[in-house]
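Whenever a hint applies, use it, and build me the whole structure from the sequences.
Those sequence lines, one after another, are chains R and U.
For the first sequence, our numbering gives the first residue as 564, with consecutive numbering after it.
For the second sequence, our numbering gives the first residue as 17, with consecutive numbering after it.
Derived by calculation from the structure, the hints in this document are not laboratory data.
Using N, Cα and C, we set each Cβ at its ideal position, and we do this for glycine too.
Please note that a few of the clues may not be correct.
Between beta-carbon pairs, the in silico distance windows are [as the list claims (entries may be wrong)]:
hint, chain 1, residue 1, chain 2, residue 2, range
1, U, L102, R, V616, 44 to 52 angstroms
2, R, G578, U, K86, 31 to 39 angstroms
3, U, K93, R, G688, 19 to 27 angstroms
4, R, V616, U, D67, 43 to 51 angstroms
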Amino acid sequence: MAKYSITNGSTSGGGTQQSMTTTYVGAILGLSSSTTTPRRFKIYDVLIGTNGVPADNFVEWDISRITASSTTTVLAAQPLDPADATALTVATVNSSTFGTITTGSNVFYVGVNQRASYRWVAAPGGELVAPATSSAGFQLRARSGGYTGTATGTFHFEEQ
Amino acid sequence: MRNAGGYAFTFDVGGIRQEADSFTCAHCNRIVIVKPKCDPMDLGGMCRLCDKMICPACVNLGHCDPLEKKLERAEAKDRALRSYGL
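So this is what it looks like as structure tokens:
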């Protein structure tokens, strides 16, 4: 099973990082199954943080299920083993809009101080699993009552 | 916890500030962070049918609907729609 990484960092062609507001207005990262060749994928590592001027604010992070990805910048996920084939999963970064988020489907929600970064890593069997159905997947979003800068996120995932 | 389904770290300028085990709900895939010394009743529970840990929201539903079955249903629906050209 091939493993891949996707980040909203300063990758060429990765779009512009979106500023945070008090409500969810866009998606930092999104992963969804291809519409033509859907395949199950599992997110096993999530890294989140901020890259603005340090201050003490809370930031809420959320990963929810989607049934359609946002339409903005699509990037190719990088295989962790260069010998692996290109990912079939569609990765979107720095979106100013949402995809279609399934109501009440957040699978990850954590409040973190803006100065802190956070990592969650799954043990085998504890991954976030997306079905092999057209455009189904996950989206990472963030909001803050005080922080108005940009945020960073990284997903590591494997395709089945 | 024994056989944790994951692990979470918080870092800041002082290094690792907080570490916690997590488990992933076997019914809805939600990640539940296990806070140190928290009341086990706040974490959710153990499904007696699939014998897996589940989150508080799924405990309240009172029935067993494993994630794998949900994924299979979604994929079967998608395959059917594809076969109809939809």
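So, going through the hints one by one against the coordinates:
Distance hint check: the CB atoms of L102 (chain U) and V616 (chain R) are about 49 angstroms apart, consistent with the given range 44 to 52 angstroms. Under the hint 31 to 39 angstroms, the C-beta atoms of G578 (chain R) and K86 (chain U), about 32 angstroms apart, fit the expected range. Between K93 (chain U) and G688 (chain R) the beta carbon distance is about 25 angstroms. The supplied range of 19 to 27 angstroms therefore holds. Judged by the Cβ atoms, the range 43 to 51 angstroms given for V616 (chain R) and D67 (chain U) holds: they are separated by roughly 49 angstroms.
Going down the numbered hints, you'll see the structure goes against none, and every one checks out.
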